[in-house]
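Novice: Sequence:
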Amino acid sequence: MQEIHQETGTTVYGRDNVGNMTSKEIGTSGIVETRTYDDLNRLTSISYSDGTPTATFTYDDNSNLKSVTSSAASRSYTYDQNDNLENESLTVGSATYNVTYGIDNLDHLASVTYPSGRTVNFGTNALGWQTQATPYVSSVDRHPSGAIDTMTFGNGVVTTQTLDSRLRPDTLVSNNGQVDFVDLGMGYDNVGNVTNIVDNAGSLHNRTIGYDDVNRMTSATGSWGTETITYDGRGNIDTRERNGSLQDYYYNSDRLTYRVFPTFFYTITHDLRGNMTSDGPNIMVYDGANNLASIDNGAKVIDYTYDGANTRISRSTPTDTTHVLYSLMGDLLGEYDPSGGFKEYIYVDSKTAAKAVDDTTVVGQ
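For what it's worth, full-length UniProt numbering labels the leading residue of the sequence shown as 1, then goes sequentially.
Don't take each hint at face value.
What the hints assert, rightly or not - Label-pair ranges, simulated between beta-carbon atoms: (1) 38 - 13: 12 to 22 Å; (2) 201 - 13: 26 to 36 Å; (3) 150 - 61: 42 to 52 Å.
The hints are simulated quantities; they were obtained by calculation from the structure and are not laboratory data.
Positions of the beta carbon are idealized from the N, C-alpha and C atoms, including for glycine.
Work the whole structure out from these sequences, hints included.
Specialist: As structure tokens, this is what we get:
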């Protein structure tokens, strides 16, 4: 089986007798991804011909993901008798980060305990919607649709959101009773595109946005000035002009090859799998799974590593390393310096409500 793309050429897939993808090669890169499965058609391993670490997957008796292991990191998961996630851990080198979830008798999330020992306690209503995340969010009131109406934070800041007749955000106000930190109003066109944002707390966030007949953004006006965008016949950006300064974009087989400014230009390059390897100032390198492995801007190199499920687990520079902890659901839970110091993120409805930096907490994120 194969598919052909203008940017990358032919991608060839291997399939087993029941249709599981067993191999994949993009274009003429020579990098082959190979997959294996068990008798229940569950993915058990992914390997790469370029030396990217092989990943192995295991499952419990109910087919819940139990572990993901590679030479870069290992993850493990445990579940209760109703298959709710109870614990997950990430091990990178000698560091292990554990997260524990409390579940109530209705299978709703009741608490999360972070690697630092920080515990967030959640309240839920009869529909399972979160009503608090203490001590950071003391109450959450909702519209009948379930969208957040009012959120009161532990520091007294209150954020209120109104909806229009089509249940789209209409106004957003955040204040502490004395100062409006945010006071925004939104306008839409007949197909739901945001056409304007009015900043009633100041002009900094005022926006006016225009679109063409196929809903592509063609203009935007804000505190930076005015920008216009045009497109070629294939939908690629052709030009961008901001306050009289024009950028032209040039393509080869739908790959961006040049960005031309009034007095200089950038050459854009790609690898055989379509990944951008240079945008002018930066050089990018990718692993066999197409994950960004490093960025070099000439002054500093940043390296990234990933677990077997291709979730980022660390970010390193010549002077420091940060371990990055994502949950099984994909939320960024924390960033940790192995030698001390951390940031942890608290969520309501999978949206960041607070950030804890070491022992300092900022809410209303």
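Novice: Does each hint fit the structure? Answer for all of them.
Specialist: Structure-based check of all given hints:
no. : hint                 : result
1   : 38 - 13: 12 to 22 Å  : 20 Å, holds
2   : 201 - 13: 26 to 36 Å : 53 Å, violated
3   : 150 - 61: 42 to 52 Å : 44 Å, holds
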